[in-house]
Amino acid sequence: MINMGFFLVLAAALFAIGLFGLLSNKRGIVSLMCIELMLNAANINFVTFASFKSDATGQVFVIMSIAVAAAEVAVGIALMLNAYKMKKTTEVDKLSTMRW
Amino acid sequence: MELYEFAWLVPLIPCICFVLAGFIGHKTPQCGGLIAIAGAAAAFVMAALVSYGYYTSDLYKAAEPFVQNMDWLVVGKITIQFGIYIDTLSCIMMLFASFISTLIFIYSLGYMHDQEGRRRRYFAEVSLFLTGMLGLAVSSNYLEMFVFWEIMGLCSYLLIGFWSFNHEEAVEKSSAAKKAFLVTRLGDVCLMCGLFILLYIFGSLDYQNIFGSIEAHKDDVLLPFAILLMFGGVIGKSAQFPLHDWLPDAMAGPTTVSALIHAATMVKAGIYLVARSYPIFTQCEEAMVFVAAIGGFTAIYAASMALNNMNIKRVLAYSTLSQLGYMVLALGAGAYLISLGTKNGDANLIKLGTAGYIAGILHMINHAFFKALLFLGSGSVIHAVGTEDMRMMGGLRKKMPITAYTMLIGCFSIAGIPIFSGFWSKDLVLEAAFAPFHEGLGFGSVFCVLFVLGMITAFMTAFYMFRMWFMTFTGEPRGHCHGESPKTMTFPLLILSVFAILSGLVIMGNFGYYVARSLKTSMPTAGIFVEKGMDVVKEIFTTPATYVALVLAIVGIAIAFFMYSKKAYDPEKFDQDKKPLYYRIVAKRYYFPEMYNQISWKLGYGVAKGVEAIDKQLIDGTVNGLSNAVVGGGDGLARVETGYVRDYAAYVALGVLILMGIFAVIFIYGGGF
Chain A
1 MINMGFFLVL
11 AAALFAIGLF
21 GLLSNKRGIV
31 SLMCIELMLN
41 AANINFVTFA
51 SFKSDATGQV
61 FVIMSIAVAA
71 AEVAVGIALM
81 LNAYKMKKTT
91 EVDKLSTMRW
Chain B
1 MELYEFAWLV
11 PLIPCICFVL
21 AGFIGHKTPQ
31 CGGLIAIAGA
41 AAAFVMAALV
51 SYGYYTSDLY
61 KAAEPFVQNM
71 DWLVVGKITI
81 QFGIYIDTLS
91 CIMMLFASFI
101 STLIFIYSLG
111 YMHDQEGRRR
121 RYFAEVSLFL
131 TGMLGLAVSS
141 NYLEMFVFWE
151 IMGLCSYLLI
161 GFWSFNHEEA
171 VEKSSAAKKA
181 FLVTRLGDVC
191 LMCGLFILLY
201 IFGSLDYQNI
211 FGSIEAHKDD
221 VLLPFAILLM
231 FGGVIGKSAQ
241 FPLHDWLPDA
251 MAGPTTVSAL
261 IHAATMVKAG
271 IYLVARSYPI
281 FTQCEEAMVF
291 VAAIGGFTAI
301 YAASMALNNM
311 NIKRVLAYST
321 LSQLGYMVLA
331 LGAGAYLISL
341 GTKNGDANLI
351 KLGTAGYIAG
361 ILHMINHAFF
371 KALLFLGSGS
381 VIHAVGTEDM
391 RMMGGLRKKM
401 PITAYTMLIG
411 CFSIAGIPIF
421 SGFWSKDLVL
431 EAAFAPFHEG
441 LGFGSVFCVL
451 FVLGMITAFM
461 TAFYMFRMWF
471 MTFTGEPRGH
481 CHGESPKTMT
491 FPLLILSVFA
501 ILSGLVIMGN
511 FGYYVARSLK
521 TSMPTAGIFV
531 EKGMDVVKEI
541 FTTPATYVAL
551 VLAIVGIAIA
561 FFMYSKKAYD
571 PEKFDQDKKP
581 LYYRIVAKRY
591 YFPEMYNQIS
601 WKLGYGVAKG
611 VEAIDKQLID
621 GTVNGLSNAV
631 VGGGDGLARV
641 ETGYVRDYAA
651 YVALGVLILM
661 GIFAVIFIYG
671 GGF
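Residue numbers (the working numbering), protein chains in the order written: chain A, 1 to 100; chain B, 1 to 673.
Watch out, some of these pointers could steer you wrong.
[What the hints assert, rightly or not] Facing chain A, according to a computed beta carbon distance under 7 Å, are these residues of chain B, among others:
(1) E641
(2) T642
(3) G643
(4) Y644
(5) A649
(6) A650
(7) A653
(8) V656
No lab work stands behind these hints, which were simulated from the structure alone.
Ideal Cβ positions, reconstructed from N, Cα and C, are used throughout, including at glycine.
Could you build all of it, start to finish, from the sequences and the hints given here?
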């Protein structure tokens, strides 16, 4: 039996990679992908605990989380498409008109 | 339904006239004048019916008031009511106030005829004034009375300042109005504090409740304060010594308004308050000595200022002050006697005290008649001559005989010549002032001094009134004159002169008993006892003091005659540059207006400066500092909004880290969730 710690470290590493990508990368599509990574890190945590604690609730929740992620990506990509149509770019640093 | 149940109509009728004259007065003949006259006359008829109804009712026989109340304010356990309280005192007040007001309103038709559209305002305001007085007379509790009291304060302000627009002396006129308002306000604040204390002691302001439960609270330590503070209100309203100075300045208004204020309304309200509060006032005899002393001092103090004044209206104003002093003296002495009488169970003292009370009320009525007469007469003179300076008058007797001789009657009356009304009441007042000394009571010596002051005042009164009459109506004409005034003005003079002669004679009849019924109503346990009318008259003519006062009055008249009519001693000697010191002090009104000014400039302005500094530095500083902090902080925080998505993501990540740190700390040190 593999220790639960391995799974949690995997999830944490995945989350850290996603966060690093989000903060360091200025391309919008990549940012979306990084967010997906972080979400999936969380999903791994869910199923890990569900499996080790023999409780199906976590697994059920992951299904819902995936559905929400799909919807979120649809909205995010639509936003990026529109931003590209208007500004001819998807670089998030150039989409900075909403400020003081 | 008994007649007296309609008493609420008495103040309501002039109030309706106030609204009518105010809104549609300019569309009616005489600009609302007829409405005001009709209202006052209807109020008088109504008051007469109410008085008759009460006089013939069982309530009068049983010495009970007629009271009708409805709830007005209910706050916790305290219920303030709005209603009417009819006893003989309220009947008397209603009768003479409405009667004299009717005559003054008729007179106003002639006096104000050249005022065009502004008469609408005038007649509306005088109607409201009358409402205030009549409402005050029928009120059933102190708060309701205070409301009407303030209505009168407002109307006096409006009417004294009537000529503050489009008049060459507009500033002077309006500052006189402001002075009247502010000075009486000082008294009103005192009265209000007194009423607060009464409410605290008795839990009610209702006359009946207070008079009924006075026995249970008579040793309350706060009661003397309540009495003195209420008397403070009287000092303001009835223009007694420290707050007297507004009344001479109130001459800035039309003469009819002066007549109204001095004879029928306003200043009589203070006297009424003292008379009405007798059951409370008699609980503290030391305070009553103070009341009497203020009255006696005001009498001579004001009379001294009338001695050399050249303004015909001012002379009358000072004489009003002086006569009001007499009334307060009589009421104070009466309350003192009744107070000691009930304490020692001495029926004689109560009898004398009741006589003082009757003297005060009778003098108030007589004064109302002869002072209305004198003011309206002076108004007639001013109307004809166009000036108020007596040096510009003279020899008017031939040109305006009706005015001259009716005013002569008024002068005889105020000087206290027998048969004329002032004689009877002034004598009773002096008798009441003398009684405590005669009976050898604790403060007898004080009252002895007050009695002597009253005697000197009687002499001064005779002198300055006849000085005024001789200067105005005899000698050489010193200015032009339009001749006798129109009938609307002479008619009220004639009627008032009849009353100025006869109104004192009521003392021979049942009048004393009738007045004292009010005391019996409010103080049922005091054992009020009244002498028969003819006995009182007999006593008047067997006391030596009567003859002393009479001789003093005649001497006063004679001196005035020789100085101002025969010119045996030239009064112009006083008018040289080297005037005697006393003359200058009196002419400056004892420097009282200056003192007021000094106080208001030095003290009031200083305080205002300090308050302004605090306002600017502290309050404004705090408010501005707060707003600056908010604006600055907002500006600083706005920098956080960079517009870069990655910054926001970093903030979120940072926040999560901090939260995780906190949770970790709780987890480690708190021993788990």
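Outcome of the hint check:
Against a cut-off of 7 Å between C-beta atoms, the interface hint on E641 (chain B) holds, since the closest Cβ of chain A lies about 5 Å away. At a threshold of 7 Å, the smallest CB-CB gap from T642 (chain B) to chain A is about 6 Å, leaving the interface hint in force. Residue-level restraint check for G643 (chain B) holds (minimum Cβ-Cβ distance to chain A is 3 Å; threshold 7 Å). The interface hint given for Y644 (chain B) holds, since its Cβ lies 5 Å from the closest Cβ of chain A, which is under the 7 Å cut-off.
At a threshold of 7 Å, the smallest CB-CB gap from A649 (chain B) to chain A is about 5 Å, leaving the interface hint in force. Interface restraint check for A650 (chain B): the shortest CB-CB distance to chain A comes to about 6 Å, inside 7 Å, so the restraint holds. Checking A653 (chain B) against chain A by beta carbon gives a least distance of about 6 Å; that is within 7 Å, so the hint holds. For V656 (chain B), the interface hint is violated, the least distance from its beta-carbon to any beta-carbon of chain A being 9 Å, above 7 Å.
In summary, the structure is inconsistent with hint 8 from the numbered list given earlier, while agreeing with all the others.
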